[in-house]
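Chemist: Throw the hints in and build the complete structure from the sequences for me.
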Amino acid sequence: MNPRDKKDEDRDDETEYSPFYGIEKGAVLQDSRVFNDPQLDARRCAQVITKLLYLLNQGETFTKTEATEVFFAVTKLFQSKDVGLRRMVYLMIKEISPSSDEVIIVTSSLMKDMNSKTDLYRANAIRVLCKITDSALLGQIERYLKQAVVDKNVVVASAALVSGIHLLQTNPDIVRRWSNEVQEAVHSKAPLVQFHALALLHQIRQNDRLAVSKLVTSLTRGAIRSPLAQCLLIRYTSQVIHESSNGQGDRPFYDFLESCLRHKAEMVIFEAARAITEMRGVTSRELSPAITVLQLFLSSSKPVLRFAAVRTLNKVAMTHPLAVTNCNIDMESLISDQNRSIATLAITTLLKTGNESSVDRLMKQITNFMSDIADEFKIVVVEAIRSLCLKFPQKYRTLMNFLSNILREEGGFDYKKAIVDSILILIREIPDAKESGLSHLCEFIEDCEFTYLSTQILHLLGNEGPKTQDPSKYIRFIYNRVILENATVRASAVSALAKFGSVVEYLRPRILVLLRRCLYDNDDEVRDRATLYLKVLDEEQVAKKYLLEDVGVPLENLESSLRAYTSGYQLDESFDITSVPRDVKGPSAQDKKLAPGKKPQEVSGRGLENGVPAAGAGAQEAYVSLLSSIPEFAQLGKLFKSSPPVELTEAETEYSVNVVKHIFPAHIVFQFNCTNTIAEQLLENVSVIMELTEGDEFAEEATIPLKSLPCGAPGQTFVLMSRPENACAFGKFSNTLKFRVKEVDPSTGEADEDGYDDEYSLEDATVTANDYVLQVAVPNFRNAWEVMGPTFSKGDEWTLGVRDNLNEAVQAVINVLGMQPCEGTENVPSNARSHTCLLSGLFIGYVQVLVRLSFGIDPQKQVAMKLTVRAENQAVCDMIHEVIGNA
Amino acid sequence: MVSARKPVSAPLVKNILLLDSEGKRVAVKYYCDEWATQQSKLAFEKSVFTKTHRTNARAEAEIGMFDGYIIVYKFVSDLLFYVTGGEDENELILSTVLQAFFDAVGLLLRNNVVEKRTVLENLDLILLCLDELVDGGIILETDANVVASRVAMRGADADLPLSEQTISQALATAKETLARSLLK
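Order-wise, the sequence lines are chains A and B.
Using our numbering, the first residue of the first sequence is number 1382, and each one after it goes up by one.
Using our numbering, the first residue of the second sequence is number 669, and each one after it goes up by one.
Keep in mind that the hints were calculated from the coordinates and are not lab data.
Remember, predicted model here, so these are calculated numbers, not experimental data.
We put the CB at the ideal spot given by N, CA and C, even for glycine.
Mixed in with the good hints, there may be bad ones.
Claimed, not checked - Label-pair restraints from in silico Cβ distances:
{"hint": "1", "chain 1": "B", "residue 1": "Glu690", "chain 2": "A", "residue 2": "Ser1680", "range": "32 to 42 Å"}
{"hint": "2", "chain 1": "A", "residue 1": "Pro1553", "chain 2": "B", "residue 2": "Arg785", "range": "43 to 53 Å"}
{"hint": "3", "chain 1": "B", "residue 1": "Glu690", "chain 2": "A", "residue 2": "Asp2139", "range": "42 to 52 Å"}
{"hint": "4", "chain 1": "B", "residue 1": "Glu755", "chain 2": "A", "residue 2": "Arg2163", "range": "50 to 60 Å"}
{"hint": "5", "chain 1": "A", "residue 1": "Ser2010", "chain 2": "B", "residue 2": "Glu690", "range": "27 to 37 Å"}
{"hint": "6", "chain 1": "B", "residue 1": "Arg785", "chain 2": "A", "residue 2": "Asp1482", "range": "13 to 23 Å"}
{"hint": "7", "chain 1": "A", "residue 1": "Asn1861", "chain 2": "B", "residue 2": "His721", "range": "35 to 45 Å"}
{"hint": "8", "chain 1": "B", "residue 1": "Glu755", "chain 2": "A", "residue 2": "Pro2160", "range": "45 to 55 Å"}
{"hint": "9", "chain 1": "B", "residue 1": "Glu690", "chain 2": "A", "residue 2": "Ser1768", "range": "38 to 48 Å"}
{"hint": "10", "chain 1": "B", "residue 1": "Glu690", "chain 2": "A", "residue 2": "Glu2140", "range": "49 to 59 Å"}
{"hint": "11", "chain 1": "A", "residue 1": "Glu1827", "chain 2": "B", "residue 2": "Arg785", "range": "52 to 62 Å"}
Modeler: Here it is in structure tokens:
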């Protein structure tokens, strides 16, 4: 805020008394010297702290020196025995968040308070310590925290549990050791302790599905008293339902959810109702009790309840419109709700559940409603009307009229764009609506202030207009644009005219006249287009090609290829449009890197989202282009296979890393896709150290570190290993992420000059048989088998031990080999006693391999397998058997 | 196959705002880093204010969904109380937090009218109230009486000499109010 503004504001406030009137940072910092007085005036000190907190709260910032000085002064206040002052000191320390080397000053005072007789001191000291502490210090106080979790005092227990929830993000190992105490706290009599304990316990166990399931099973029997904890339990239960249900039969725990609908707390009832509506594949029978309670909420006197209910029903209406129709009468009365969010949700729900006969009545109600709601709500309504129109195409006249009426009213760009988009979609989807839609749009561009929308509509007129009954009526609208609009719109109007000229023969002479007039336009682009079209309209075939056919490649790709071409040095060769990739790429990683404050990176993602392209053939291509951009990998030869990414970190850790293995004839490139999720850190010189723990045929040749890895922008680092040519070398590697950490100031985004080296251990990576095999199906397995012949083959019998059923055994073997099952033989009929499975694939060196597996299961569930391999060389046959032997 | 699903989380409060009738900050607390800069915080407050200040949220708490956040709010005299949560949050939980905040402020201001002037005069209590209500987004307590008594550090000063002039003594009346409200 600049000083003048501040003054003006102060003057406004003059009539109004404020204890902070005319407050200045400098003066308050001066005042904070009273903290150093030998005789502390507790009251005055508390006032100064309040002033400091006021400044912070208003967005004032302290420089590092100022913050340090205040912090040191505040620590002196621990000498005072005043309770109120101590409470303010706790808050101040948290707000100022001292740096790690300063924390040490208050640790002993806080630890003393943590052992105080006064429970409120203990609780606050725990919260402050856990907020400012680092992991080394945490080790020292861990014992106290663990005890505090089961403290008989509610404040203390909650403080420890909530701190545990926060600490779990940074020091998971320490918090996990409290499991037993937390478990005990779940059964506390105090509602909030129970809530905090349950939240922490679930977070500790969240990656262990079985443990979560056990937790839910034991608690749904009715151990929970607190409504908040009950809400948590409902969330965890629906997670278990989601993970276990296969969409058939009785759902586990549904009865529990249903019983929560009769809980006395509204938040629990709602949480349960919402959970039921969100179940996958929910049936109308299961839905019905949830809908009933939501319907009751609709007529509540509390807006919050009405909103919650109508929002949930709105979502249900998308998938189960019939289930919601019972609520229609209540919904209709909500259209006049004071709260416009509720009214909008009610309208859009009605639009989703309404039937054809109610459309007209509904539209009448909406027309009154539209005038007094904000644009963002109008957009929601427009979108709902669009889907309604697609559902009942016969009603297009009413709905199209409605859209064109609101198009003429006042509104911002986003709102108008939503309407135009809707009309465009309706024109495309409902042939009958085309002519009326086009004329509405023609009227709209007569008086449209948005260039983007005008050009979009002109483009559409150019494409669709010539195909209508009477194309000539559109010419006037389009040519008006040429006379009246800005250059961008004029240019697209010229293009639209030319399209009419090329398609509609009898209009061509008149179009040529109009285009000739455009030659005198004062804008280059408009003149250029007119010149080009005049030329091509002379030759019908050329005109059609230029004007009506698509270029055949995505425009972004064409643009980037042209850019590359014009910035290169081979301009004497003409540009080859066939070299433009045809895959549509996701938002490129490069765009992300151009975000402000982030330096462009050495190794570019080249259109790979997070370094992992979408699956399919495009994936391989994207990898090839990524790898070929790195000089070290230029000589590796043809890429044989890239594995799907394998996660090397658990979900939600500080750094997330996955690895993609690229198999080359005599090398493997390990591509580590790294993401840094800590906003306060910039990682530099990131690399992965791989140590071979099993196998001996690999030799490391190069490591390509990643220069810098800011938070949120994924980057890649690579390790190149060599191995004997065309050999299937297996191995296991232990991996460590090495990097230099630089602290980033979150307010400025600037990184510290100095950093420190750090490591982060990752999970092991393995190279196994299925990395060396491509899944390639053969059209006719029997034929291929005969053609291959028994020249190189090997058969043997294996026992696979006890399995639940044959299907499990078959899937296990397919996974180990990584080959393509043929002729649907991967599906085992249930209860089958024997089964034959056929597999094919190409091994490294492009060696074709066919495998025939015969399985049998005896009454004791022992599975035996006969494995016969035919391949183009004996080594591969032997290898397949070796793989099975080692599995 | 199990489809992707958002990780299950405890109810989280994204921020609590207390603004005046012109949309200016009285006291605010952000519990998450979705608004990293001062500008983005002010922009959020402004946007919330412009979208809500004309509504009548005096008798009952009102609610809206703006910019992908659920916001519950309640007004009294020249003060606007807001609690923000994520898009998928249980609206009723947020409104419980709002009510606790609202009631606790009323209790802490004792017999005074709840308005901007008294709130600023007792800003220390308001800031402590926010601190006792939510910790880093996790709801700490939802009972306004408990929040108010923790802010007042009730029961912590038993061993204090009477001669000391303290703000905890200034809170004595607050405790009376509490006692009264408990006796009702």
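Chemist: Return holds or violated for the Cβ distance of A:Ser2010 and B:Glu690 against the range 27 to 37 Å.
Modeler: This hint is violated: roughly 55 Å between Cβ atoms.
Chemist: Does the Cβ distance between B:Glu755 and A:Pro2160 fall inside 45 to 55 Å?
Modeler: Since the Cβ atoms of B:Glu755 and A:Pro2160 sit about 49 Å apart, the hinted range of 45 to 55 Å holds.
Chemist: Given a hint of 32 to 42 Å, does the C-beta separation of B:Glu690 and A:Ser1680 actually sit inside it?
Modeler: 36 Å, holds
Chemist: So does B:Glu690 sit 49 to 59 Å from A:Glu2140, Cβ to Cβ?
Modeler: 53 Å, holds
Chemist: The hint says 50 to 60 Å between B:Glu755 and A:Arg2163; measuring C-beta to C-beta, is that right?
Modeler: This hint holds: roughly 56 Å between Cβ atoms.
Chemist: Look at the Cβ atoms of A:Glu1827 and B:Arg785 and judge whether their distance stays inside 52 to 62 Å.
Modeler: 56 Å, holds
Chemist: Does the Cβ distance between B:Glu690 and A:Asp2139 fall inside 42 to 52 Å?
Modeler: 48 Å, holds
Chemist: Looking only at beta-carbon atoms, does the pair A:Asn1861, B:His721 fall within the given range of 35 to 45 Å?
Modeler: 43 Å, holds
Chemist: For the range 38 to 48 Å, tell me whether the beta carbons of B:Glu690 and A:Ser1768 fit it or not.
Modeler: 41 Å, holds
Chemist: Check the following: the C-beta atoms of B:Arg785 and A:Asp1482 are separated by a distance inside 13 to 23 Å.
Modeler: 42 Å, violated
Chemist: Between A:Pro1553 and B:Arg785, does the beta-carbon spacing fit 43 to 53 Å?
Modeler: Hint holds: Cβ distance 47 Å, inside 43 to 53 Å.
Hint compliance for this structure: hints 5, 6 are broken, all remaining hints hold.
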